[in-house]
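Q: Spelled out, the chains give:
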Amino acid sequence: MKLQSIILSFVMIFSSPFAYSADKALRVGMVTDVGGVNDQSFNQSAWEGLQKAKKELVIKASYQESKQDADYPANLETLFDAGNDLIWGIGFKMADAVLKAAKQNPKQKYAIIDFSFGDKTPANVVGVMFKAEEGAFLAGFIAAKMSKTNTIGFIGGMSVPIIHSFQYGYKAGAKYANNKVAVLEQYSESFTDAAKGKAIANQMISKNADVLFHAAGAVGDGVIEAAKEKNKMAVGVDRDQNYLAPKNVITSSLKRVDNAIFEVVADLKKGNFKGGTTQNYGLKDGAVDIAPTTSKMIPAALLTEVNTLKKKIADGKIKIPSDEKAYTVFAKTLK
Amino acid sequence: MKKFLLSLLCVISGLLFGALILKLSGISAVEAYKVMWEGAFSRPSYIAYIMIRSTALILTGLSVAFAFRTGLFNIGAEGQFIIGALTAAYFGCAFHFSPWLQIPLVLLLSTLTASFYGGLAGFMKARFGVHEVISTIMLNWIALYFSNFMVMTEGFHKPNTETSEFINPTTSITFLENWKVSDAGSTWLAQHDFLREFLRPPVNAGIFIALICVIIIWIILSKTSFGFKLKAVGFSPEAARYAGINVNKKMTQSMMIAGALSGIAGATHVMGVSKNIAILAAHEGYGFDGIAVSLIGSNSPFGALLSGFFLGTLKYSGQKIQSALEAPSELISIMIGAIIFFIAIPVLFEKSINKILKLILKNEGEN
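Here the protein sequences line up with chains V and B, keeping their order.
Residue numbering for the first sequence follows our numbering, starting at 1 and increasing by one per position.
Residue numbering for the second sequence follows our numbering, starting at 336 and increasing by one per position.
Straight-line Cα separation of at most 30 angstroms, DSS-like style, residue types lysine-lysine; simulated pairs:
1) K296/V to K319/V
2) K228/V to K196/V
3) K196/V to K493/B
4) K515/B to K103/V
5) K67/V to K493/B
6) K515/B to K120/V
7) K650/B to K109/V
8) K515/B to K274/V
9) K311/V to K325/V
10) K107/V to K650/B
11) K493/B to K109/V
12) K100/V to K515/B
13) K230/V to K145/V
14) K493/B to K120/V
15) K24/V to K369/B
16) K319/V to K145/V
Rather than coming from a laboratory, the hints here were simulated on the basis of the structure.
Nothing here was measured: the structure is a model prediction, and the numbers come from that model.
All chains, please: the whole structure from these sequences, using the hints.
A: Below, the structure is given as structure tokens:
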């Protein structure tokens, strides 16, 4: 009898309806990809953006981490059931899951980082892309100006469009600074193999390259390590990688996922959700930039030049190429 | 009565310990458990998700439990899962037959390859005396990198992604997959709340396959002489050898069956839930969770079934604390780990239960 009452009371405690707070603050949730919210990369940056929005736009923010790729649909649904006004999928890996959820719940607003559904974007989804070529252009400009051997290197992860935008933006920036500079290019065919990155970097250094830029995820750790050992210069990607080699990483081409997220949430708050479109954020929106530590690493005169260049790009006075075709056109305009 | 009290005490102390951990991190335990309870059972779709999540756990748990009965510690469920998933994804893309042929064929091929993969460890143990814990751990990594290599091969790799192509729709074991998003389906479902909710997740035949496997393994272990021989090897290989059982052969066979079960887990995951495989940076843990499932279920088929559901429920509903109460996922993992830990060590409570029972009996005697 006693036992039964204990069990009964447990059931009572656990089954009382859970009431979600019913205030009218905007609710925004995000689902991370398998990297998790402390990945030192775009998931973390995304959460920082939401926290900023929480403070400045007075919204309610929450996140849900994914452990496996199969978690994406379930996590999107968890946030859907929690009554969020906008649900973020962080990273192109979630594209299929976001698309499916958006079709199932046409009244729910979704947004995704690093993916464009193109013409097929559902009316309740915003895709967010970054003009990576603009940051890479500045990085290339700095690299060419800093190079003493007039030879610089680029190491890409895989030959895919998103890496091409880094590659050709970088090349264009370098040639814009100094048309005589030689750019060595190679793909590592991996985003994880740091040892391979180091081997490619050493090879480029032996061919006289003294500034190396990478767009290859963890492969880049090897590139920066090689630069550190041989005392050459390196350029980081996505976040400020100066801490990896404080004397060697002269700048980093930043992707400010946080600013892009903040931008979209601010739009939503204003009642201006751009559903059905893909937003391309660049220098103008503060979504792409170079690292703040750059100012300590390069001469003041060059920094002034870079800042003028930044303004020119933001004003649309220079069109930065993001693929090979556009690059060839761009290269012809240079002397 | 004693057994029931024992399990109840284990679960309660596990939950209390979990509550302590939550409390120490400044999160209300009552609130957290409430979120978990609601997040697990308050909607049909949640129950469907738990079923989906538990399927793989039940099968890998069964795999570990089966090998354990023959005295083998199958750490390799993870690798066998990957091989099963890879085979299902590969042939699911390559073949274009009608579902009635395609599904059994792909399932059979996954079972065979994973069975071979598991058998490899058993064979190495039997033939060369390589300890199965070492070999299966190594085989896990070989499976992981082999799978990553295969995903990137031309024709199988989906361009510009880190995943393989999707399997052909005829390989899918998801219930009513096309119908539920079609116009007719969504109109009909709009009037049927329960089914609409229940079918929203990728509900699939995997759970029935898992149930059939549980029954088959139970029959093998307790109703056949083959199973008896396997268990005899588990109790004492020397005695079994003396009784005329070919111990080496039995070890290989046992690992083959264990491998097959994990392979089926991987195949149902691909055919029912994910529909493709991706490049893995690390092990996803389906096989390693199987070890916990097996141990909680005291290495019996039906035990694996129950504990598979239990762990599946904990894992699915535990995640919900994160967005609701802003708990870090590490904390949730620690809490789930603590609950499992307490449930896995009933021995700790056995003595105190005996004392309590004695006290109660004594009191009743005095009254």
